[in-house]
Structures are given as structure tokens and as C-alpha cells.
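**Student:** Basically the numbering used here = 1-based index in the sequence shown + 5.
If you're looking for bench data, these hints aren't it; they were derived computationally from the structure. Backbone N, C-alpha and C define an ideal beta-carbon position, used for all residues, glycine too. Be a bit skeptical, because a hint or two may be false.
Said to hold, decoys possible - Cβ-Cβ distance ranges computed for the label pairs, FRET-style:
1) Val83 <-> Ala286: 23 to 33 angstroms
2) Val252 <-> Gly103: 49 to 59 angstroms
3) Trp127 <-> Leu226: 45 to 55 angstroms
4) Pro170 <-> Ala91: 24 to 34 angstroms
5) Ala300 <-> Gly105: 36 to 46 angstroms
6) Val84 <-> Leu258: 31 to 41 angstroms
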Amino acid sequence: MRFARPVGLLLSAAAVLLWAVGMTVWQPLTEPIGPWSERLPGNNAYWARDLRFVAIVAIVLGLLLAGRGQLRWSAPAVVLGGLWIAADVAIDRADPGGTGSTILLAVYGAAVLGVLAAVLSWRDRGRPPTTDRRVLTGTACVAGVLAVVAAGIESPTDREPELTPAAFATGVLLVALTVVVALAAAPARTRGRCLLAVGLGAVAIGGVALGRTVPPGPRILPMIALGGVLLTGVTLLAWDWPGGRPVWRRHALAGLAALVGPVSMLLVATVAMMVLLPVGATFTALAGNSPINSADSDLLLSLAGLLAGLGMALLLAWPTVDNRRR
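The whole structure should be built from the sequences, with the hints applied where relevant.
**Tutor:** Below is the structure:
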């Protein structure tokens with residue numbers, strides 16, 4: 006894909022802006038005032054943190070697209086994501102707010118992204134452009150699952166006026182990453198695949214918008230449908246078409262996995278964090294925020310979505326993909 010690098014960096018930059026807004030505008034909305042136990046937050050209270058963490062993963066995914074899935078880009082991108090999470094916790098503890106802080110964080114974040122991209126681009130000088138299609142297909146799967154998580158995010162009341170725009174913007178960014186990365190993983194950008202990508206993006210964005218109009222309880226059904234459409238679309242875009250057309254039986258099996266797999270994996274990851282590894286409570290304590298009350302659970306849905314996305318990548322990134330260099 007000729008424009009993989011500029012498009013990937015542009016999407017990463019958009020994720021940096023979302024992260025900065027999430028830290029300085031949305032995060033203060035989720036922090037209760039007062040030390041009293043009856044004021045302790047409940048389930049999904051720190052929805053802004055989950056959206057920020059999803060945005061940080063989107064920064065990494067954009068860099069993977071910019072590097073066409075090659076290891077010399079992938080490894081530094083993952084390291085950057087880990088360091089960015091650590092910086093996020095430290096900044097959250099400082100409780101920044103206001104337009105000035107938003108601009109400052111966005112500028113610093115864009116500068117870090119630009120420096121890393123410049124260094125990696127300089128290291129790529131003189132090397133023929135190659136694409137690791139399996140890595141890009143897996144990247145699209147991770148983005149697709151995280152799009153569903155971001156679009157379906159909830160809060161204890163689900164009445165904050167900023168919640169739906171925040172979830173919608175983050176969901177749309179992840180949808181864009183899913184479609185563009187899947188198209189970059191295709192063996193060839195034919196007219197049919199490009200039209201399919203446009204249609205998939207339009208339907209998925211409509212699904213994100215529709216999901217935000219549904220109350221939290223029934224929202225699970227449109228979110229499952231959104232995940233099924235996105236991940237099945239990933240296979241249609243990224244997998245080989247022997248004889249110039251999709252092998253519909255294989256894509257039907259992939260569609261079934263796309264409907265069942267993300268929900269099952271999200272459930273397993275969520276239960277594991279509730280029972281075995283209280284990651285959310287650890288991040289809450291490190292950031293100096295109020296703990297979730299004992300009747301509820303401090304879940305890190307962004308981490309559960311990342312793990313589910315990696316699981317779907319293992320299922321869908323390997324079949325029927327000829328990973329020859331091009």
C-alpha cells in the first residue's frame with residue numbers, strides 16, 4: 006500500500022489528540038469529589054481511562070501500519086505503547102485540566118510520535134518496501150475488537166453528555182484503523198477490495214452510531230453484530246482470493262468465529278481480572294484515584310479488549326494468507 010506510512014502516522018496522530026482530550030477533559034468528569042465511602046465510584050466509573058488506553062493502543066496500531074507490519078517498526082511501537090501507559094498513569098496522578106494542558110499534551114505526544122517515526126524512517130532508507138501481511142491482518146483484528154469495546158463503553162449513570170461523543174470518536178478512529186490496515190494486508194488493492202473497504206467502513210461507522218443510541222443493557226446485541234461485521238470484513242479484505250473471488254465457505258466460518266469469539270474472550274479476560282488479577286484496581290491506586298466500592302469491580306475493559314483482539318488475531322491472521330514479501 007503506497008500510502009501506508011502517511012496514513013498510519015496520521016491515524017496515530019489522531020489517536021494522540023484523543024488521548025490528550027481524554028486526559029484533560031474526560032478524565033476529570035470521572036473522578037468523584039470527597040473521601041466518603043458512600044461516594045466511592047461504581048462499575049465502569051473510569052470510562053475515560055479505558056478510552057485513553059484504547060487511544061494509546063491505536064497509536065501503536067497506526068505505527069504498525071506505517072511500518073507495514075515489519076519487526077523493525079513493530080518492536081519500537083510496542084515499547085512506545087508500554088512507556089506511554091506508564092506516562093499516562095503519572096500524568097493522571099497530576100490531574101491536569103483545561104485547554105492549555107490539552108494543547109501541551111497533544112504537542113508533546115505528537116513530538117514523541119514524530120521523533121520515533123523519523124528515526125524509524127531513517128533506518129528504512131535504501132530498504133525495499135515489504136509487507137508482513139499476517140502482522141497487518143492481526144493488527145486489523147485487534148483494532149476491530151477495540152472498536153467494539155470503545156463504542157460500547159458505559160459509565161455508572163450513562164448520562165454524562167461527553168460520554169457518547171467520546172465513545173463515538175474513539176470507535177470511529179478504531180474502525181478507520183481496522184479497514185485501512187486490513188486493506189493494506191490485502192495481496193492487491195483491486196477495485197473490488199477498495200469498494201468493499203469503503204462499504205465496510207460506512208456500515209461500521211453507522212453501527213457505532215447506532216450502538217450509542219441504544220441503552221447500555223440492550224447495547225450488547227448491536228455491539229456483537231458490529232464485531233461480527235468488522236472482523237468478517239477484515240478476512241474479506243485481507244485474505245487471498247483464489248481464482249479472483251472469495252472462498253465463501255471459509256469466510257462464513259470466519260464470520261461465525263467473529264460473532265462468538267470476541268464476546269467469549271472478553272468474558273474470560275474480564276472474569277480473570279475480577280478473580281485472579283485486579284489490574285484495574287492497581288492502575289486506579291497508582292493514579293491516585295478513588296477505589297471502586299467493594300460491591301462492584303474495577304475492570305480495565307481496554308485490557309480485556311486488547312487480549313480478546315490478540316486472540317482473534319491468532320484465529321484470523323493465519324488462515325489462507327500467503328505471506329510472501331512484495
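**Student:** Give a verdict on every hint.
**Tutor:** Hint check results:
no., hint, in the structure
1, Val83 <-> Ala286: 23 to 33 angstroms, "25 angstroms, holds"
2, Val252 <-> Gly103: 49 to 59 angstroms, "54 angstroms, holds"
3, Trp127 <-> Leu226: 45 to 55 angstroms, "48 angstroms, holds"
4, Pro170 <-> Ala91: 24 to 34 angstroms, "28 angstroms, holds"
5, Ala300 <-> Gly105: 36 to 46 angstroms, "38 angstroms, holds"
6, Val84 <-> Leu258: 31 to 41 angstroms, "35 angstroms, holds"
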